[in-house]
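What follows is the residue order along each chain.
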Amino acid sequence: MNSLFIHRYLQAACRSVLARDLRWSGLQVSPASRPLQIAAIVLVTLLPLRAAELPDLFAERVRSCVTVEFLVESELDRQPVSVPGVCIDAGGTIILPSSAIGSRVSARQLKDFKIYRPNSATACRAEYLGQDVLTGWHFVRAEEKLRPELVPLTAWVRAGTPEPRLADEVWGIGLRGKEEDFRPYFLMSRVGLIQPMPQMTAIAAAELGGPCLPVFNRDGALVGLTLNSFGQNFLMFSRRERGVPVVLVNVEESSVFLFANEVLPYLGRIPRNVSGRPLPWLGVFGLEPVDPEVARFLQLENQSALVVSEVLEGSPAETAGLKGRDIVVALDGRPLPRLKPDQVVATFVEREVDRRRPGDELRLTVLRDNQRLELKVTLGDEPKVIREAERRYFERLGLTVREFLFGDGVARHVKLAQQAGVIVDFVKPNSPAAMGGLEFDDWIREIDGKEIKTYAEAIAALAAIEADKDRPEFVLLTSRGSETAVRRVKLK
Amino acid sequence: MSGDFNRLLEAVVRIDVREVTFAEGARRFVAGVGSGVILSNDGLVLTNAHVASPHAVEISITLPSLERVGAKLVGWDHWTDLALIRLDLDEVKHRRLAFQHAAFGDSDALYAGETVYAVGTPYGLTRTVTRGIISNNRRYFEDPGGVRGYETGAFNTWLQTDAAINPGNSGGPLVTEDGRVVGINSRAYVGADNLGFAIPSNIARRVVDGLVAHGSITRSYIGLVPGTLQDLEHFFALALNTGMLINSVDAGSPAARASLHGGDILLAINGQKVDGRFPEQLPPIQNMIASLPVGSTVRLSLKRGGQAMEIPVVTEKLESRVGEEWAFEKWGVSVRKVSRAFARENQLDDSTGVIVLGVQAGFPAAVAGLAAGDIITKVNHESLTELGTLQRIYQQFEAKPDSLLLEARRDRRVSLYVLKP
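From first to last, the protein sequence lines are chains P and U.
Counting along the first sequence from 1, when you hit position 170 you're at 170 in the working numbering, and nothing is skipped either side.
Add 1000 to a position in the second sequence, counting from 1, and you land on the number used in the working numbering.
Just so you know, the hints here were simulated from the structure itself, not pulled from any lab data.
One should not assume that every hint holds.
[What the hints assert, rightly or not] List of simulated lysine-lysine pairs, BS3-like, C-alpha gap at most 27 Å: (1) K340/P <-> K428/P; (2) K323/P <-> K178/P; (3) K376/P <-> K428/P; (4) K1303/U <-> K1378/U; (5) K323/P <-> K428/P; (6) K450/P <-> K469/P; (7) K490/P <-> K1303/U; (8) K453/P <-> K1330/U; (9) K1378/U <-> K1400/U; (10) K384/P <-> K453/P; (11) K1420/U <-> K340/P; (12) K323/P <-> K1317/U; (13) K1273/U <-> K1317/U; (14) K415/P <-> K1420/U; (15) K415/P <-> K492/P; (16) K450/P <-> K1378/U; (17) K1330/U <-> K1273/U.
[As the list claims (entries may be wrong)] Computed list of chain P residues with no C-beta within reach of chain U, every gap over 12 Å: (18) R190; (19) A295; (20) D369; (21) N430; (22) A467; (23) S482.
Glycine residues also receive a C-beta, built at the ideal position from the N, C-alpha and C atoms.
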């Protein structure tokens, strides 16, 4: 089936090369161009040969691609994950798409990383290095013995390769599942749309490969790296329902790719630790783009702007004097670009923060009460994020608690001075905690009538309860939304 | 049946109501049917708050004599789901219409198993009588949005009956064999077999008096959310049948300002001991607080951990979370004022703004990007502390249409919108 598949694509490839050469010769107007015409004829006669190269190019480039398997361990189960990845250097470093690991998952929950080469059932071990905040990539490193087998993506960089243009032919690599020994297959399409989002992004007419795998031009030069595929609108019909609108996302193959020059400069961003720190921090919540109508109303022509919904307490933005409802119009003196969809402008600013380091400066021009203000923000290091939080599972009680983080205060409108207690991170179904009415994300304020100030206090109290087999019950004061409640957890 | 019962039948009416709604970005009218019972010679009719409300624009009563006569709302009280309307007496006199009126019985004297009858207009079937028993005479049934989005049931318990109660029975009387009104039928579990609920007549009697005198019932609020103490007495080291658990204290409420918090035990209100062990014991305690004069100081006896304390709290007026509603037709948007209760519940800084109830596709508000649930906080840099501010801006817009800059929040995210004529 595979050979048929490729054959069909090769035919398409021949036709397109022919068309390109004809168009090219059609441009010739002066006698001086005769040698070129001859060259064109030679090219045409050589065509079958050139087309035959694609399988060879494919076979070589497949050596950059791998499948990475690992386990995400939670309180009750282990979730196997399998994602494509691409080798980026001679040290066996591999990048995985941002979607490979959920943002709440701590590095301690990630177990048993394995790497499979295409057409191979043999697993090699690998180590998780962390996630890069700017690119979103997760980095893993293959064990030594595998490294010589892998060819880094950079091997396919050809100097002078033009950026993809509309209607250009591009191809990529798909990887089948474990039961088929991760067999690679060929995918080809044409560029249908090019858009800054804010990175230069191309959307092809059809899928080009698994997310985070390389994309090549007809000559085998690297032109990009696939992103997670975008959702597509469909109507779903069934016996009961007529035309229910649904969004489908192809998780195995993607037709969206970043241009190579949006990828290559960032391959060196290998995290120095699994938390990906340092994480640059501005400290605002909800950067909301204005639409072109509002921009015109604010007399901002040919540019965009962002409304700052909230400035977080104690953040670098607050220190710099930024206020909620300020309208950001320029960054480092440059007006915010008009990008589509509007939300991309917020991503643009977030990336400008993320490409910097704590201690770096960022100049913001804001509108406040019809006045333009220049603010200098010295970026900070982001407070602990959820995947870094300390947490502990109490099996007999049936709950996991984690420390109260800066972000929990933001979500709950709690001032820094009033932040205490712990957060329920997991409730085991039908456990004493579940029967007592506890839910995920509840905020525990008191245990047995005693106010809990720190994570350590909570752990000590819950560990003592867990260890005491004679105890019939314990009582918590918890918050959910704007209400508190006293909850009794029966242990007997 | 007794002659008294037959007289009662002559006092039960059908109520047709046409009322305004603001749901879809416009002012729309909907019609509904309910029941009611005539209480007096001067034409007072008692019904449910979810039958006749201030949204009603036209109320029409069908008397047992099959004559129709207009009526006006006297007042309503969604907390007890009761409303009082009055027949158009001029019309009654002019057309020489006659009617009977019913008398209240004592709902406290009811016992489980006692035979009762429900009279009303289920599914428009006028003057339907169904029979059952009192299944429970003290049912706790609080519902934060039970009366068309308004809170109900916090201050009274309900009578539960197995007499068939269906949509349209609402507002009709639940009566004993001697034709005395012991309850006002109000709700039922849809799909369940004969689980109906009625407001006890002893509650209704007080509400009727209040509505006749003031047109509304004023209650006090301090911001306590009660919980049951059932099985927690040991933990709180309490004697049985003592105290009420305070589960939560509304942010910014008088109780919060007096530093009460969840987990405190309320032992007494102005020296009067309370017992909130089971859910059905909570409404009378809530009602004790609600019945205090607004702005008065109430002495709460509390237990916090091992400590006993007396804390004075100044009551304020109880408000619904549902604010005033309006539609701005040329903009294609309907709104509801943010109330203090809504602001507290949703952790807003204050009650500035109006909530978008709906937008009409293709109208300026929808074109600008507004959607249901957005809270409009500012128009042209003017804060919307009152609904009147927006109404004034709308009038100016009607007179001289011009673009407006709106600030609105959606889940805490602040966005700007331009509303173009």
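CA of K453/P to CA of K1330/U, is that 27 Å or under? violated, 54 Å
CA of K323/P to CA of K178/P, is that 27 Å or under? violated, 53 Å
Taking 27 Å as the top limit, are the C-alpha atoms of K415/P and K1420/U close enough? violated, 39 Å
Can we trust that N430/P is non-interface, i.e. its beta-carbon lies farther than 12 Å from all of chain U? holds, 19 Å
Taken at face value, is the distance from the CA of K428/P to the CA of K323/P at most 27 Å? violated, 42 Å
Would the hint linking K490/P and K1303/U be met if the CA-CA limit is 27 Å? Holds: K490/P and K1303/U sit about 23 Å apart, inside 27 Å.
Do the alpha carbons of K340/P and K428/P lie within 27 Å of each other, as the hint requires? Roughly 43 Å separates the two Cα atoms, so the pair is violated.
Non-interface claim for D369/P: all C-beta distances to chain U beyond 12 Å? violated, 8 Å
For a C-alpha distance cap of 27 Å, please report whether K376/P and K428/P respect it. With a Cα-Cα distance of about 47 Å, the restraint between K376/P and K428/P is violated, given a limit of 27 Å.
Just checking, A467/P versus chain U, shortest CB gap more than 12 Å? Per Cβ check, A467/P is outside 12 Å of chain U; nearest 20 Å; holds.
Say whether it holds or is violated: R190/P keeps its Cβ farther than 12 Å from all Cβ of chain U. Label holds. Min Cβ-Cβ 35 Å, cutoff 12 Å.
Given the proposed pairing of K1303/U with K1378/U, does the C-alpha separation stay at or below 27 Å? violated, 44 Å
In summary, the structure is inconsistent with hints 1, 2, 3, 4, 5, 8, 12, 14, 15, 16, 17, 19, 20 and 23 from the numbered list given earlier, while agreeing with the others.
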